[in-house]
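J.: Residues per chain, in single letters:
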Amino acid sequence: MENAAFRAETRAWLEAQCPPSMRTPMPEDEVVWGGQNARFKNPDSRLWLERMAAKGWTVPIWPKEYGGGGLSAAEARILEEEMRRLDCRSPLQSFGIWMLGPVLLECGTEAQKAAHLPKIARGEIRWCQGYSEPEAGSDLAGLKTRAVLQGDSFLVNGHKIWTSYANFADWIFCLVRTDPLAKKHDGISFLLIDMDDPGVRTRPIRLISGASPFCETFIENVRVPRENLVGGLNNGWTIAKKLLEHERKMIASIGERQRGAERSLADLAKAYVGEKGGTVADAVLRDRITQLDIDQRAFRLTQRRATEEAKGGSPGPASAMFKFYGTELNKRKFELLLQIAGTQALGWDGDGFTAGELRIAREWLRSKANSIEGGTSEIQLNIIAKRVLGLPD
Amino acid sequence: MALILDADTALIRDTALDFFAKRSPVSALRKLRDDKDALGFSLPLWRQMAELGWAGFLVPEAYGGSDFGCVGLGQVLEAAGRSLAATPLIATALIGASALALAGSEAQKAAHLPALAKGERLLALALEEGAHHAPYRIATAVKRSGAACRIDGEKRFVLDGHVADLLVVAARSSGDVDDRRGITLLLVPADAKGVSRHRTEMADSRNAAIIRLQGVELGEDAVLGRIDDGAEPLDAVLDRARAGLAAEMLGTAAEAFERTLQYLKDRKQFGVPIGSFQALKHRAAAMFAEIELARSAVLAALAALDARTADAGELASLAKAKAGDALFLVSNEAIQMHGGIGMTDEHEIGFFLKRARVAQASFGDSTFHRDRYARLRGY
Chain D
1 MENAAFRAET RAWLEAQCPP SMRTPMPEDE VVWGGQNARF KNPDSRLWLE RMAAKGWTVP
61 IWPKEYGGGG LSAAEARILE EEMRRLDCRS PLQSFGIWML GPVLLECGTE AQKAAHLPKI
121 ARGEIRWCQG YSEPEAGSDL AGLKTRAVLQ GDSFLVNGHK IWTSYANFAD WIFCLVRTDP
181 LAKKHDGISF LLIDMDDPGV RTRPIRLISG ASPFCETFIE NVRVPRENLV GGLNNGWTIA
241 KKLLEHERKM IASIGERQRG AERSLADLAK AYVGEKGGTV ADAVLRDRIT QLDIDQRAFR
301 LTQRRATEEA KGGSPGPASA MFKFYGTELN KRKFELLLQI AGTQALGWDG DGFTAGELRI
361 AREWLRSKAN SIEGGTSEIQ LNIIAKRVLG LPD
Chain V
394 MALILDADTA LIRDTALDFF AKRSPVSALR KLRDDKDALG FSLPLWRQMA ELGWAGFLVP
454 EAYGGSDFGC VGLGQVLEAA GRSLAATPLI ATALIGASAL ALAGSEAQKA AHLPALAKGE
514 RLLALALEEG AHHAPYRIAT AVKRSGAACR IDGEKRFVLD GHVADLLVVA ARSSGDVDDR
574 RGITLLLVPA DAKGVSRHRT EMADSRNAAI IRLQGVELGE DAVLGRIDDG AEPLDAVLDR
634 ARAGLAAEML GTAAEAFERT LQYLKDRKQF GVPIGSFQAL KHRAAAMFAE IELARSAVLA
694 ALAALDARTA DAGELASLAK AKAGDALFLV SNEAIQMHGG IGMTDEHEIG FFLKRARVAQ
754 ASFGDSTFHR DRYARLRGY
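Chains as they are written, first to last, in the numbering used here: chain D, 1 to 393; chain V, 394 to 772.
Simulated from the structure, these hints should not be mistaken for laboratory data.
Backbone N, C-alpha and C fix where the C-beta goes; we use that ideal spot for every residue, glycine too.
It cannot be assumed that every hint is accurate.
Which bits of chain V does chain D cover? Going by a derived footprint, with three or more residues having C-beta under 8 Å, they are [said to hold, decoys possible]: (1) 652–659; (2) 682–691; (3) 704–718; (4) 756–769.
For lysine-lysine, the following DSSO-like pairs were computed, each having C-alpha atoms within a straight-line distance of at most 30 Å [said to hold, decoys possible]: (5) D:Lys331 / D:Lys386; (6) D:Lys119 / D:Lys241; (7) V:Lys661 / D:Lys386; (8) D:Lys241 / V:Lys658; (9) V:Lys511 / V:Lys429; (10) D:Lys119 / D:Lys41; (11) D:Lys331 / D:Lys276; (12) D:Lys242 / D:Lys144; (13) V:Lys658 / D:Lys183; (14) D:Lys184 / D:Lys242; (15) V:Lys415 / V:Lys511; (16) D:Lys242 / V:Lys658; (17) D:Lys55 / D:Lys113; (18) D:Lys386 / V:Lys658; (19) V:Lys658 / D:Lys184; (20) V:Lys415 / V:Lys429; (21) V:Lys502 / V:Lys586.
Each pair of labels, with its calculated beta carbon distance range [as the list claims (entries may be wrong)]: (22) V:Arg440 / D:Lys276: 51 to 57 Å; (23) V:Arg423 / D:Leu207: 56 to 62 Å; (24) V:Ile734 / D:His159: 48 to 54 Å; (25) D:Ala4 / V:Asp571: 44 to 50 Å; (26) D:Thr24 / V:Asp460: 45 to 51 Å.
Given only the sequences and the hints, what does the whole structure look like? Please build it.
T.: In structure tokens form, the structure reads like this:
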């Protein structure tokens, strides 16, 4: 279809099918993550998810046979632009969509794709990520969770940490050690594990923000069918790295997804610090805001350029650059918000603060994890130095 | 607007990269400097560039150019920036051509653009009067009496000012210094009576001059565009200058970075390449990121200028600020990472540092452009 025709058709469909309440800023408790225990605080969000999923537009570029929309990269961008134009909410947030799906599409067996991708696309199964362990953080390949192949199944034992939203998830994609004698990168496998097993327990971890988005996940004597092995035995590190590239791309856009209808820093600064002749009264603060604005815009332009250059391919090692820069930008944004709103941004609870002000403090603290999760900024810089710049070990 | 080059533009980029690497390496700039060359650039080389069509990239086809546009000229400038080539590309092909094409009358365009596109006429923009870029801070006065006008004032840091055939002079016809209104652009032949030129030696060994205008009498046909309304075309010309210069700076930053990266791989201390040290790796990776962002900003600005979108001014300031910051970082790190050898005149890396600061200061440094960006964005 011609792009112009596609745009017109898409716009008309969105205008007709997107419920009005799905075109307002999305409060945190209305975000839809799907899964067997999916919560829809606003009933319109269920309707919106069902309509989008029926079109395949929760995963626009996935093939139709797996629940996707079968759109070209150009069409997907048009859909994104039209959704932004109408302020349509994203119908579904999902680690299945952002991380596991692309890897299954590339490396999964036909049976794995057929079994898992449509359920991800429709938001029926919620996935979490079992990568880090207490002793394997930046040194991820040092992980110890054991999977022993016994006949047609693996027996898995181990302890994962920082598993985001594991307490709400149905399945976990896990890195496990299948050959303890091989070099550390060569003895790892990638397993899909159903968490509906009494041997899988999760425990939320309370963070400095007061929230508990991360968990510890304990896996004790859990049997996993061999067919849930992705990418071959002891080939897990290759799969892990591919998935990390998608994860980094996702985290790099953290500031982007939070944008939406929020007020600009400059407007907030005018409100909190004052205005003089149409400009932010505090010249130093104004310059800092401009620096961030300029860096954010140049960053978005670079994301766009990378998309145009890659034409829909794998993100590649450059994803490390986006992860590094995007998360540092997001941290800068929250530090600047603190500076702008002063003590009004430092309230913790109760009266005296607006809901938005209370959110700043919590989100500021949450943002500190951005440059740790998915590989620290230091790890990203290592990856750039080695894989992009070719600097020696 | 695409942020990737089409096939024609990619070919121009490749041609330009090859051209400057072979015919105008950094050693050519060193020779111009050491010989105290009177022109400060190679005229035969400029003729070759004109034959390749580069002088006429911003000249309409009706006047002997190709109207190929800013993205194309940006590729040539970026390649020139890699070898620090001293050429009339900025003053003539970018700024002079833009001033005539955007503000000139039919007669003015016909008189100058064909010669400019052939590389036979050099222009220079006489704008600045102080040590900082301030496009409306103009005291140089133009007074009209009947059909004649008379110009008095002094211009500084006029790029290619001492070799130009024709000066584009920004003068005040009404209002006060710093008023945007009341500026008039004029075409002043460099050999007009009352014009005196003094070449200044800058740190980057490139061309600039102080131009004194004392009782310069010209006819009304010298006015470029409309009287008192010169700021409008001036801003448009300056945005092209900023984005084009940002492209050159991007090339300079990329080259300085690549040379430094190679040095990190070659230079051994403690028995290993110094590039194996994490303290240097991380800084190299951070520079890579800054150059990537600058590249996107530069491409977006050039494309917006060609498409004449409403945010072209914003993007030009974005590009100049971002390229300026990237070049500042890279030029400093390049010296530090080269260690002692980088402090020697014999090594070429020092040329990049010197060019960096002059280019950063030209047409507004990063502070100027952040302020402008904020103003254009309404804060």
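J.: Now tell me, hint by hint, if it's right for this structure.
T.: How the hints compare with the structure:
Three residues within the 8 Å Cβ limit are the bar, and the region 652–659 of chain V against chain D gives 3, so the coverage statement holds. Given as covered by chain D, the region 682–691 of chain V passes the check, having 7 residues with a CB less than 8 Å from a CB of that chain where 3 are the minimum. For the region 704–718 of chain V, the assignment as covered by chain D holds, since 3 residues bring a beta-carbon within under 8 Å of that chain's beta-carbons and 3 suffice. Check result for the region 756–769 of chain V against chain D: holds, 6 residues qualifying (beta carbon to beta carbon below 8 Å, three or more required).
Between the alpha carbons of Lys331 of chain D and Lys386 of chain D the distance comes to roughly 25 Å, so the proposed pair stays at or under 30 Å and holds. The hinted pair formed by Lys119 of chain D and Lys241 of chain D meets the criterion: a straight-line CA distance of about 24 Å does not exceed 30 Å. With a CA separation close to 18 Å, the supplied pair Lys661 of chain V and Lys386 of chain D stays within the 30 Å bound. The straight-line distance between the Cα atoms of Lys241 of chain D and Lys658 of chain V is roughly 26 Å, inside the 30 Å bound, and the hint therefore holds.
A threshold of 30 Å between alpha carbons decides the hint, and for Lys511 of chain V with Lys429 of chain V the separation of about 26 Å falls inside it, so the pair holds. Taken as a hint, the Lys119 of chain D and Lys41 of chain D pair is honoured in the structure, with Cα atoms around 21 Å apart against an allowance of 30 Å. Proximity of Lys331 of chain D to Lys276 of chain D is assessed by CA-CA distance (about 28 Å); at most 30 Å being required, the pair is judged to hold. The straight-line distance between the Cα atoms of Lys242 of chain D and Lys144 of chain D is roughly 20 Å, inside the 30 Å bound, and the hint therefore holds.
For the given pair, Lys658 of chain V sits about 27 Å from Lys183 of chain D by alpha-carbon distance, which is consistent with the 30 Å threshold. Between the alpha carbons of Lys184 of chain D and Lys242 of chain D the distance comes to roughly 17 Å, so the proposed pair stays at or under 30 Å and holds. Straight-line distance between C-alpha atoms of Lys415 of chain V and Lys511 of chain V comes to about 22 Å, which keeps the hinted pair within the 30 Å bound. In summary, the hint linking Lys242 of chain D to Lys658 of chain V is supported, as the alpha carbons are separated by about 28 Å, within the 30 Å threshold.
At roughly 19 Å between alpha-carbon atoms, Lys55 of chain D and Lys113 of chain D fall within 30 Å of each other, so this suggested pair holds. Proximity of Lys386 of chain D to Lys658 of chain V is assessed by CA-CA distance (about 12 Å); at most 30 Å being required, the pair is judged to hold. Taking the CA atoms of Lys658 of chain V and Lys184 of chain D, the gap is near 28 Å; set against the 30 Å cutoff, the hint holds. A threshold of 30 Å between alpha carbons decides the hint, and for Lys415 of chain V with Lys429 of chain V the separation of about 22 Å falls inside it, so the pair holds.
At roughly 23 Å between alpha-carbon atoms, Lys502 of chain V and Lys586 of chain V fall within 30 Å of each other, so this suggested pair holds. Our hint of 51 to 57 Å for Arg440 of chain V and Lys276 of chain D holds, since their Cβ atoms are close to 53 Å apart. Under the hint 56 to 62 Å, the C-beta atoms of Arg423 of chain V and Leu207 of chain D, about 58 Å apart, fit the expected range. Checked against the given bound of 48 to 54 Å, the beta carbons of Ile734 of chain V and His159 of chain D, roughly 52 Å apart, stay inside it.
For the pair Ala4 of chain D and Asp571 of chain V, the beta carbons lie near 47 Å from each other, so the given range of 44 to 50 Å is met. Range check, Thr24 of chain D to Asp460 of chain V: Cβ separation about 47 Å, and the 45 to 51 Å hint holds.
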